[in-house]
Amino acid sequence: MTTREINPMDGEVPKLPPHQSDVLENLRHNFDAEVHLPADIPREFLSAALLFAIDNKVDFGLFHEADRIIIAYFGGDEIYLPSRWSDKLWHIGVEDKEPFFDPAD
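Quick note: the sequence shown uses the UniProt record's numbering, first residue 1, plus one each step.
Treat the hints with caution; some may be incorrect.
[Said to hold, decoys possible] Derived lysine to any residue pairs resembling SDA-like cross-links, with alpha carbons at most 25 Å apart:
(1) Lys57 <-> Ser47
(2) Lys88 <-> Asn26
(3) Lys88 <-> Leu62
(4) Lys97 <-> Ala72
(5) Lys57 <-> Asn26
(6) Lys88 <-> Arg68
(7) Lys57 <-> Ile69
(8) Lys57 <-> Lys97
(9) Lys97 <-> Asp22
(10) Lys97 <-> Phe52
(11) Lys97 <-> Val58
(12) Lys97 <-> Ala48
(13) Lys57 <-> Arg43
(14) Lys88 <-> Gly75
(15) Lys97 <-> Pro42
(16) Lys57 <-> Gly75
(17) Lys57 <-> Phe31
(18) Lys97 <-> Gly76
(19) Lys57 <-> Ile92
(20) Lys88 <-> Asp67
(21) Lys88 <-> Pro38
(22) Lys57 <-> Ile79
[Said to hold, decoys possible] What follows is a set of in silico ranges between Cβ atoms, one per label pair, in the way DEER data are often shown:
(23) Asp22 <-> His91: 29 to 39 Å
(24) Ser86 <-> Asp22: 36 to 46 Å
(25) Asp96 <-> Asp22: 36 to 46 Å
(26) Ser83 <-> Glu25: 20 to 30 Å
(27) Lys97 <-> Ala66: 23 to 33 Å
(28) Asp22 <-> Leu89: 34 to 44 Å
(29) Val94 <-> Asp22: 25 to 35 Å
(30) Arg84 <-> Leu62: 26 to 36 Å
(31) Asp87 <-> His36: 13 to 23 Å
(32) Asp96 <-> Glu25: 17 to 27 Å
(33) Ser86 <-> Glu25: 30 to 40 Å
These are calculated hints, taken from the structure and not from any lab test.
Beta carbons are placed, not taken as given, at the ideal position from N, Cα and C, and that holds for glycine.
Sequences are here, hints too, so could you generate the full structure?
Listed below in structure tokens is the structure:
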């Protein structure tokens, strides 16, 4: 078993090895579109949004950068994901559109 050392005294966040960050970047580029949420978005909202996406079988990837949280997804699923509406607040879904629910599901 390998052990990773993180020195909590230096105050820096450990960085990914170059090859691992390339893998994550390549994975992120496999998706068609992205939603960029501010890093300080309420965790309750983020949890609700992700659970709604999962319940609606949205294939997505979740990525974190210093100033934002990124949900990468395939086009057409935006009605199940967060978006910023004209009231300048984040909501789940696209403004003025109801999520489509297939009764056959």
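We went through each hint and held it up to the structure:
1. Lys57 <-> Ser47: holds, 15 Å
2. Lys88 <-> Asn26: Between lysine 88 and asparagine 26 the Cα gap is close to 32 Å, so the pair fails against 25 Å, i.e. violated.
3. Lys88 <-> Leu62: With Cα atoms ~23 Å apart, lysine 88 and leucine 62 stay inside 25 Å; holds.
4. Lys97 <-> Ala72: holds, 20 Å
5. Lys57 <-> Asn26: Holds, at about 22 Å.
6. Lys88 <-> Arg68: holds, 17 Å
7. Lys57 <-> Ile69: holds, 20 Å
8. Lys57 <-> Lys97: Satisfied, since the Cα-Cα distance of roughly 18 Å is no more than 25 Å.
9. Lys97 <-> Asp22: violated, 36 Å
10. Lys97 <-> Phe52: holds, 16 Å
11. Lys97 <-> Val58: holds, 17 Å
12. Lys97 <-> Ala48: holds, 19 Å
13. Lys57 <-> Arg43: holds, 21 Å
14. Lys88 <-> Gly75: Distance ~23 Å between lysine 88 and glycine 75 Cα, so the pair holds.
15. Lys97 <-> Pro42: holds, 23 Å
16. Lys57 <-> Gly75: holds, 13 Å
17. Lys57 <-> Phe31: Within the cut-off at roughly 15 Å; holds.
18. Lys97 <-> Gly76: holds, 13 Å
19. Lys57 <-> Ile92: Holds, at roughly 15 Å.
20. Lys88 <-> Asp67: holds, 18 Å
21. Lys88 <-> Pro38: holds, 13 Å
22. Lys57 <-> Ile79: holds, 12 Å
23. Asp22 <-> His91: 29 to 39 Å: holds, 34 Å
24. Ser86 <-> Asp22: 36 to 46 Å: The hint (36 to 46 Å, Cβ to Cβ) holds, given that serine 86 and aspartate 22 are roughly 38 Å apart.
25. Asp96 <-> Asp22: 36 to 46 Å: holds, 39 Å
26. Ser83 <-> Glu25: 20 to 30 Å: With Cβ atoms ~24 Å apart, the hint holds.
27. Lys97 <-> Ala66: 23 to 33 Å: At roughly 32 Å between Cβ atoms, alanine 66 and lysine 97 fall inside 23 to 33 Å, so the hint holds.
28. Asp22 <-> Leu89: 34 to 44 Å: holds, 36 Å
29. Val94 <-> Asp22: 25 to 35 Å: holds, 33 Å
30. Arg84 <-> Leu62: 26 to 36 Å: Given a distance of about 18 Å, which is not inside 26 to 36 Å, the answer is violated.
31. Asp87 <-> His36: 13 to 23 Å: Roughly 18 Å apart at Cβ, these two residues keep to the hinted range, so it holds.
32. Asp96 <-> Glu25: 17 to 27 Å: Roughly 34 Å apart at Cβ, these two residues miss the hinted range, so it is violated.
33. Ser86 <-> Glu25: 30 to 40 Å: Given range 30 to 40 Å: holds, Cβ gap about 33 Å.
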